[in-house]
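For this one, chain Z is given, so just place chain S on it according to the hints.
First to last, the protein sequences are chains Z and S. One gets this note's numbering by counting positions in the first sequence from 1 and adding 230 to each. One gets this note's numbering by counting positions in the second sequence from 1 and adding 196 to each.
Honestly, the hints are just simulated from the structure, not real lab data. Note that the structure is predicted; figures quoted are calculated from it, not measured.
Okay, derived cross-link-like pairs now, DMTMM-like style, lysine to aspartate or glutamate, Cα gap no bigger than 20 angstroms in a straight line:
#, chain 1, residue 1, chain 2, residue 2
1, S, K475, Z, E448
2, S, K475, Z, E667
3, S, K249, S, E270
4, S, K475, Z, E486
5, S, K471, Z, D491
6, S, K475, Z, E740
7, S, K475, Z, D491
8, S, K471, Z, E486
Facing chain Z, a subset of chain S residues (Cβ under 10 angstroms, in silico):
#, residue
9, D320
10, R321
11, Q477
12, R479
13, M480
14, D482
15, M483
16, G500
17, E504
18, I507
19, A511
20, A513
21, M514
22, R515
A few chain Z positions that, by computed beta-carbon distances, are all more than 12 angstroms from chain S:
#, residue
23, L339
24, R354
25, T401
26, H402
27, A405
28, N407
29, G427
30, N479
31, A542
32, I557
33, I580
34, A697
35, L704
36, I707
37, P855
38, V911
Backbone N, C-alpha and C fix where the C-beta goes; we use that ideal spot for every residue, glycine too.
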Amino acid sequence: MDKKTITVGVAGNPNVGKSVIFNALTGSRQHVGNWPGKTVERAEGVFHYQSWEIRLVDLPGTYSLAAQSPEEVIARDYILSDEPDVVIDIVDATCLERNLNLALQILELTGRVVVALNLMDEVRRQGWKIDAEALEADLGVPVVPTVATEGEGLPKLLAAIVDVATGQRQTHPAAVNYGLTVGGYVESLEADLARMGMGGRRRWVALKLLEDDPQIVEAFQQGDLAACRLEPDDDALPVSPEALQAVLNRAVRLREGTRPDAKVEIVRRRFEFAHDVVHRVARRLRPVEESMTERIDRIVTHKVWSWPIMLAMLTLVFWITIKGGEIGGGWLEAGLSRLIRLSRAWLTSIQAPWWVSGALVDGLLMGTGTVIAAMLPPMIILFVAFALLEDLGLLPRMAFNLDRPMRAVGSQGKQTLTWGMGFGCNVTGVMASRIIENKKVRLASILTSPLIICSGSYGAGVALAIALFGDRALSVILSLVFLSLGAAFLATLVLNKTIFRGEPGGFVLEMPPYRRPKFGQVAWRALVDRVAHTMWRAVEFAAPATLLIWVLGNVPPGAPFEQTAIGWLVRTLAPLGRLWGLSGEMLTALLFTLPAKEIIVPALAMTYGLQASLAESEQVLAYLPQAWTPLTAYTFLLFFMLYLPCLVTVWATWKETRSLKWTLMGLVVPLVMASLITFVVYQTGQLLGF
Amino acid sequence: METFDISNWLWPAVSVLLAILLLWALRRRPQAMARPQPSRLVEMEDTLKEVYKLQRDETAVKAGALARAMGISEEMTEGLMEVLVTSGWAEGDVSAGIRLTTRGRERAQELIRAHRLWERYLVDREGMPLDAVHVEADRREHGMTPDEAAELDAELGHPAWDPHGDIIPDAGRRAPPPAGSPLAVCTPGDRLRILHVEDEPPALFAQLVVMGFRPGVEVEVVERKPGHLRVRIGSNLFSLATAAAERVDAAPAPVLPVPLSELPVGSRAMVAEVKGGGKQQRRMLDMGLVPGAEVTAIRTAPLGDPIEYRIKGTAIAMRRSDADSILVEEVRNG
Numbered sequence: 231m232d233k234k235t236i237t238v239g240v241a242g243n244p245n246v247g248k249s250v251i252f253n254a255l256t257g258s259r260q261h262v263g264n265w266p267g268k269t270v271e272r273a274e275g276v277f278h279y280q281s282w283e284i285r286l287v288d289l290p291g292t293y294s295l296a297a298q299s300p301e302e303v304i305a306r307d308y309i310l311s312d313e314p315d316v317v318i319d320i321v322d323a324t325c326l327e328r329n330l331n332l333a334l335q336i337l338e339l340t341g342r343v344v345v346a347l348n349l350m351d352e353v354r355r356q357g358w359k360i361d362a363e364a365l366e367a368d369l370g371v372p373v374v375p376t377v378a379t380e381g382e383g384l385p386k387l388l389a390a391i392v393d394v395a396t397g398q399r400q401t402h403p404a405a406v407n408y409g410l411t412v413g414g415y416v417e418s419l420e421a422d423l424a425r426m427g428m429g430g431r432r433r434w435v436a437l438k439l440l441e442d443d444p445q446i447v448e449a450f451q452q453g454d455l456a457a458c459r460l461e462p463d464d465d466a467l468p469v470s471p472e473a474l475q476a477v478l479n480r481a482v483r484l485r486e487g488t489r490p491d492a493k494v495e496i497v498r499r500r501f502e503f504a505h506d507v508v509h510r511v512a513r514r515l516r517p518v519e520e521s522m523t524e525r526i527d528r529i530v531t532h533k534v535w536s537w538p539i540m541l542a543m544l545t546l547v548f549w550i551t552i553k554g555g556e557i558g559g560g561w562l563e564a565g566l567s568r569l570i571r572l573s574r575a576w577l578t579s580i581q582a583p584w585w586v587s588g589a590l591v592d593g594l595l596m597g598t599g600t601v602i603a604a605m606l607p608p609m610i611i612l613f614v615a616f617a618l619l620e621d622l623g624l625l626p627r628m629a630f631n632l633d634r635p636m637r638a639v640g641s642q643g644k645q646t647l648t649w650g651m652g653f654g655c656n657v658t659g660v661m662a663s664r665i666i667e668n669k670k671v672r673l674a675s676i677l678t679s680p681l682i683i684c685s686g687s688y689g690a691g692v693a694l695a696i697a698l699f700g701d702r703a704l705s706v707i708l709s710l711v712f713l714s715l716g717a718a719f720l721a722t723l724v725l726n727k728t729i730f731r732g733e734p735g736g737f738v739l740e741m742p743p744y745r746r747p748k749f750g751q752v753a754w755r756a757l758v759d760r761v762a763h764t765m766w767r768a769v770e771f772a773a774p775a776t777l778l779i780w781v782l783g784n785v786p787p788g789a790p791f792e793q794t795a796i797g798w799l800v801r802t803l804a805p806l807g808r809l810w811g812l813s814g815e816m817l818t819a820l821l822f823t824l825p826a827k828e829i830i831v832p833a834l835a836m837t838y839g840l841q842a843s844l845a846e847s848e849q850v851l852a853y854l855p856q857a858w859t860p861l862t863a864y865t866f867l868l869f870f871m872l873y874l875p876c877l878v879t880v881w882a883t884w885k886e887t888r889s890l891k892w893t894l895m896g897l898v899v900p901l902v903m904a905s906l907i908t909f910v911v912y913q914t915g916q917l918l919g920f
Numbered sequence: 197m198e199t200f201d202i203s204n205w206l207w208p209a210v211s212v213l214l215a216i217l218l219l220w221a222l223r224r225r226p227q228a229m230a231r232p233q234p235s236r237l238v239e240m241e242d243t244l245k246e247v248y249k250l251q252r253d254e255t256a257v258k259a260g261a262l263a264r265a266m267g268i269s270e271e272m273t274e275g276l277m278e279v280l281v282t283s284g285w286a287e288g289d290v291s292a293g294i295r296l297t298t299r300g301r302e303r304a305q306e307l308i309r310a311h312r313l314w315e316r317y318l319v320d321r322e323g324m325p326l327d328a329v330h331v332e333a334d335r336r337e338h339g340m341t342p343d344e345a346a347e348l349d350a351e352l353g354h355p356a357w358d359p360h361g362d363i364i365p366d367a368g369r370r371a372p373p374p375a376g377s378p379l380a381v382c383t384p385g386d387r388l389r390i391l392h393v394e395d396e397p398p399a400l401f402a403q404l405v406v407m408g409f410r411p412g413v414e415v416e417v418v419e420r421k422p423g424h425l426r427v428r429i430g431s432n433l434f435s436l437a438t439a440a441a442e443r444v445d446a447a448p449a450p451v452l453p454v455p456l457s458e459l460p461v462g463s464r465a466m467v468a469e470v471k472g473g474g475k476q477q478r479r480m481l482d483m484g485l486v487p488g489a490e491v492t493a494i495r496t497a498p499l500g501d502p503i504e505y506r507i508k509g510t511a512i513a514m515r516r517s518d519a520d521s522i523l524v525e526e527v528r529n530g
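Chain Z with its partners taken away, still in its complex shape (with noise of 0.2 angstroms):
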């Protein structure tokens, strides 16, 4: 056999460049998708190096492996686990110190890891210089100096990773020193581990017990070993529960028996370790200046230009996204007519039925058709812009600006910005909130998305408030959109309140320093899968449901529009908004708008009898100001943007969710919270006698 294979786990703090590296090295040759059972994302990519093959598994970034989050249980698992061969433990040289608290936790776990030192280039500029042969010789292991943004280092770490994985190269991974009483009590608790009977790891799992980990400590009350995969040794006699008991409770007495308590001592002497090592290994050679960071965060948080600042930004996405959505879906539509034509003229020239090249043309193709040329443009560009924004570091600094306000909901900073990313798109709004890393707020953040007016809503209310309104469109939507952040901020009040009712809620997040954003093509190809995956079931959600709305417009063929099953849905419906002053017209309407709510204004013509299928149309703008009253207009546009999320929003719940009961949640707040908004809206509107 000529071709071996090598698995490798990449693991390390969050944006140490990381995914740069893992780009890098595998290309486009990857996949992306979830660990088994979690939210959390999986990315995998195989490469070729001499005659090995590689396959990369990119660990998700933690500070740790305490087994606190999904994704430290995850890296820890997965290390724990027999499939690497080798870890690479990528670590940011310009906050070594803070970097090794994990490479030390890799350390003890296993030996066959090599590290890179990334960021070098920063280092350098920053001034200082690390010595790393000196580090290896601490550390124990290959460490590799490493610019992933510009390739430099990545040939020897494959080398490194070669060398260790075929055991050329021997490793002595660093112990730490836990001192003589925490030293003390790690010996005879792995001492107690052996009588037992347990096998390898020992020490590590002895560790874990006086740390408190919460994985540990439930296998060891379980009995279940295997289920952080600690197996006792083969030969061994198997583990009574009793034994583990024990063993647990003495642990709990030797920790709780020190002052600090012994999990404190472990990290503060992991840390010590850290800051001996890198003041062994780093060499300051310029004095400290004013970084590019600091300057920048002073206006960037400042107490008056931040918010100008940030509302600047925020309108710039936007502006970019609605413009770049016009001009974008003025191709795909121009295009889009062109198909439409050349189809039309090719089903004429077989001589197809007409109910074919109804249900296929104008069903189909037009409707899923507008939906792609809707959705494509605006989602690209906040895909773009969002990770732009993230890798430029300003993200993190809105959302440590915006956190106080966002307190007084029971919520937190990183909220607004899934709800900014929302103002595009509510799908990137509801993927956006997998950088929020606690669980209720992340919740909170899905479950809100939809409320915020999406780039689709709004091109379509604009249009409506237009032709409804004339010149008092401008207050009309200025209005919409306030009341709709509202709507987001009383929902996420009232689920705190309820529903997520006294969950912690902590906020603490990392600054990184700002650094030119990098987007080499490797990059651009993971943004161009996701948002390919995406479209792609939008048009699984788009093609059905516009398929649907066709043949419910057009049976029984040739019927006249009350006979047809739009009008049949239109006199059923009715009743159900009388409370809200939505007529059975608009509601059926608004069910048509789930695949994509671009397509309100062509619904509406349907649903008036004004034409069968979901071509664009201006005659219906031109209808509607004769048929409703401001008052029923206002309420509609009001309905419309709040109402019900875009299935493909649905889908992303359920994605970033994974529960259906969260799903349906998804759901029903956007539904409760537009009925009672446009509920007080309309009644009081028609008090005041509007």
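Structure of chain S alone, referenced to chain Z:
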């Protein structure tokens, strides 16, 4: 008919009586260990400490000053002063002011020693929060003999400082009251602790006490101008005439662990303790906020919360409420 025969009842009665006696004897033991604390003793010793703090340079302590310092009425104070004199801890006339006798001074020092040892004990051994130990130590110090104090001292490994940073006086050796310097000559910007407030002239003393100048209180000299000082106590700013500032002695305030959120922007501090438990504590620890680590407050968000800190080369933002679970000791430059 039954005849009442005392002999039938004698032994049961005696044994019941003995049992009661035995129980009582057993019950008394822990009480004896805890030592009876007649409220009179507590009052007397509290007064003694207060007189000790007020008395300087052999000047007599008057009822008015003592009453203000203790926050009780003058009649009550006079009664307590009377008791001090009759018990031999003080001498002099209640109306003209009293002075501590040698015995009184020794007892006061014993009390201070006991108090500070107890504070050390409560923090080290019982894990009591710093702000709570003073009251508890006040309760436990009373009636403590020098031998018991020595035992506690040995148990704690002869600590030199109490948890507030004050020196624990040695047994037998007189703890010289810290000298300090007059506030009038202190450098602006210093954070100081008042050691002594001169009680003459009484009018000025009364005014100083009302403003909050008492022994133990922290002050900051903001600015020195000809003829007067600007001084801050807590959030109050005062203008103090130099003549008045001459009568207040102060020494640099000991560095106490404070919640991280109280660290002024731009200041450095050392992490003393990471409180709480569970995920939150672990997260803080893994971010590098371990005891002994250095942390700098960089800036606050535009609305004052959260705060950004620099810790081990990274910038981390956290809310005030989260930062409160971390106690730090401010590091002063130079």
